[in-house]
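S.K.: Sequence:
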Amino acid sequence: MSLLVETIRVENGKILNISFHNERMIRSLYNIYGIMTKPELENIIDVPWSASKGIYKCRVLYNDKTRSLEFKPYSINLVRSLKIVFSDDICYPYKYVNRDKINSLLDKRGECDDIIIVKYGKVTDSSCTNIILRDHEGNWVTPSSFLLPGTRRANLLKNGIIKEADIYYSDIPKFTELKLINAMMNIDDTEGIPVSNIIAGA
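Mapped onto the numbering used here, the consecutive letters of the sequence shown carry residue numbers 241 to 442.
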């Protein structure tokens, strides 16, 4: 079985959004391995001096027996266009290191920067982020049919910054723009992508 991974933003030596990563790690260990434990990532992660300034991606790789850490400098990859791809059998409820099925869908993006995965007619996620869409009233909405329960998504929902709703493929033109969010990208870290930059799939 593939290792699980928590990807965590470390900014100027500070570990961000840690409680939501702890919650997901606890849930994953229990649901997959039946382990009832309370790992405290703030005690597991020792930020090295080399990652004390700037933005770093910390990856905690783990399963029921092992844990290891990786730190890499982080910069946002600009995404300005997305291709709709359809897959009714895609399933990614836990954050595994192995992403072969998602990568095979990403290979269908053509000249676009990324993809939007549609499952049973509903919008889910991009290849590596959750999605939020802005309606004509200015509200940000995230699909209830997400694939991966993202930590940033959970934080924004808990704080009332975004709301959740069913979003079908046919609903996309009802929105004005889209943003991609994950542990490394907050809602204000990127500009919105116009809905006109979403390319229909074959």
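Hints in this document: simulated from the structure, not taken from any laboratory. Wrong hints could be hidden among the right ones.
Simulated pairs of lysine to aspartate or glutamate, EDC-like, Cα-Cα distance not exceeding 20 Å [to be verified]:
1) K323 x D286
2) K297 x D428
3) K254 x E310
4) K297 x D328
5) K359 x D406
6) K362 x E310
7) K362 x D428
8) K359 x D411
9) K278 x E263
10) K323 x D354
11) K312 x D329
12) K362 x E351
13) K254 x D411
14) K254 x D304
15) K362 x D328
16) K348 x D375
If you anchor each label on the Cβ, the simulated ranges turn out as follows [said to hold, decoys possible]:
17) E377 x N338: 36 to 46 Å
18) N257 x E351: 32 to 42 Å
19) A405 x P434: 18 to 28 Å
20) Y408 x G294: 38 to 48 Å
21) V435 x S384: 28 to 38 Å
22) S384 x N252: 33 to 43 Å
23) K398 x I284: 36 to 46 Å
24) T416 x K312: 27 to 37 Å
25) K305 x N399: 34 to 44 Å
26) I401 x E282: 37 to 47 Å
27) G294 x E351: 12 to 22 Å
Glycine residues also receive a C-beta, built at the ideal position from the N, C-alpha and C atoms.
S.K.: Would you mind marking each hint as holding or not holding in the structure?
M.R.: Going through the hints against the structure:
As the CA atoms of K323 and D286 are separated by approximately 39 Å, the hinted pair breaks the 20 Å bound. Taking the CA atoms of K297 and D428, the gap is about 18 Å. The hint holds against a cut of 20 Å. Proximity of K254 to E310 is assessed by CA-CA distance (about 15 Å); at most 20 Å being required, the pair is judged to hold. Simply put, K297 and D328 have alpha-carbon atoms about 31 Å apart, too far for the 20 Å limit, and the pair is violated.
A hinted pair counts as satisfied when its Cα atoms are at most 20 Å apart, and K359 with D406 qualifies at roughly 12 Å. This hinted pair does not check out: K362 and E310 have alpha carbons roughly 34 Å apart, beyond 20 Å. Distance restraint check for K362 and D428: the Cα-Cα separation of roughly 25 Å exceeds the 20 Å cut-off, and the hinted pair is therefore not satisfied. With a CA separation close to 14 Å, the supplied pair K359 and D411 stays within the 20 Å bound.
Among the hinted pairs, K278 with E263 is consistent with the structure: their alpha-carbon atoms are about 9 Å apart, no more than 20 Å. Taken as a hint, the K323 and D354 pair is honoured in the structure, with Cα atoms around 6 Å apart against an allowance of 20 Å. A distance of roughly 32 Å separates the Cα atoms of K312 and D329; the hinted pair therefore is violated under the 20 Å criterion. For a cut-off of 20 Å, the pair hint linking K362 to E351 is broken: about 23 Å separates their Cα positions.
With a C-alpha separation of about 39 Å, the suggested pairing of K254 with D411 is violated against the 20 Å cut-off. Taking the CA atoms of K254 and D304, the gap is near 27 Å; set against the 20 Å cutoff, the hint is violated. For the proposed pair K362 and D328, the alpha carbon gap of about 10 Å is at most 20 Å, so the pair holds. Note on K348 and D375: the hinted pairing is violated, with a Cα-Cα distance of about 28 Å set against a maximum of 20 Å.
At about 40 Å, the beta-carbon gap between E377 and N338 stays in the expected band of 36 to 46 Å. For N257 and E351, the hinted distance range of 32 to 42 Å is satisfied, since their beta carbons lie about 33 Å from each other. For the pair A405 and P434, the beta carbons lie near 20 Å from each other, so the given range of 18 to 28 Å is met. A hinted range of 38 to 48 Å holds for the C-beta pair Y408 and G294, which are about 40 Å apart.
Our hint of 28 to 38 Å for V435 and S384 is violated, since their Cβ atoms are close to 19 Å apart. The beta-carbon spacing between S384 and N252, approximately 35 Å, falls within the hinted interval of 33 to 43 Å. In this structure, K398 and I284 break the distance hint of 36 to 46 Å, their C-beta atoms being roughly 23 Å apart. The beta-carbon spacing between T416 and K312, approximately 34 Å, falls within the hinted interval of 27 to 37 Å.
Under the hint 34 to 44 Å, the C-beta atoms of K305 and N399, about 35 Å apart, fit the expected range. At roughly 24 Å, the beta carbons of I401 and E282 sit outside the given window of 37 to 47 Å. Roughly 32 Å separates the CB atoms of G294 and E351, a value that falls outside the hinted 12 to 22 Å.
The structure is inconsistent with the numbered hints 1, 4, 6, 7, 11, 12, 13, 14, 16, 21, 23, 26 and 27, although it conforms to all the rest.
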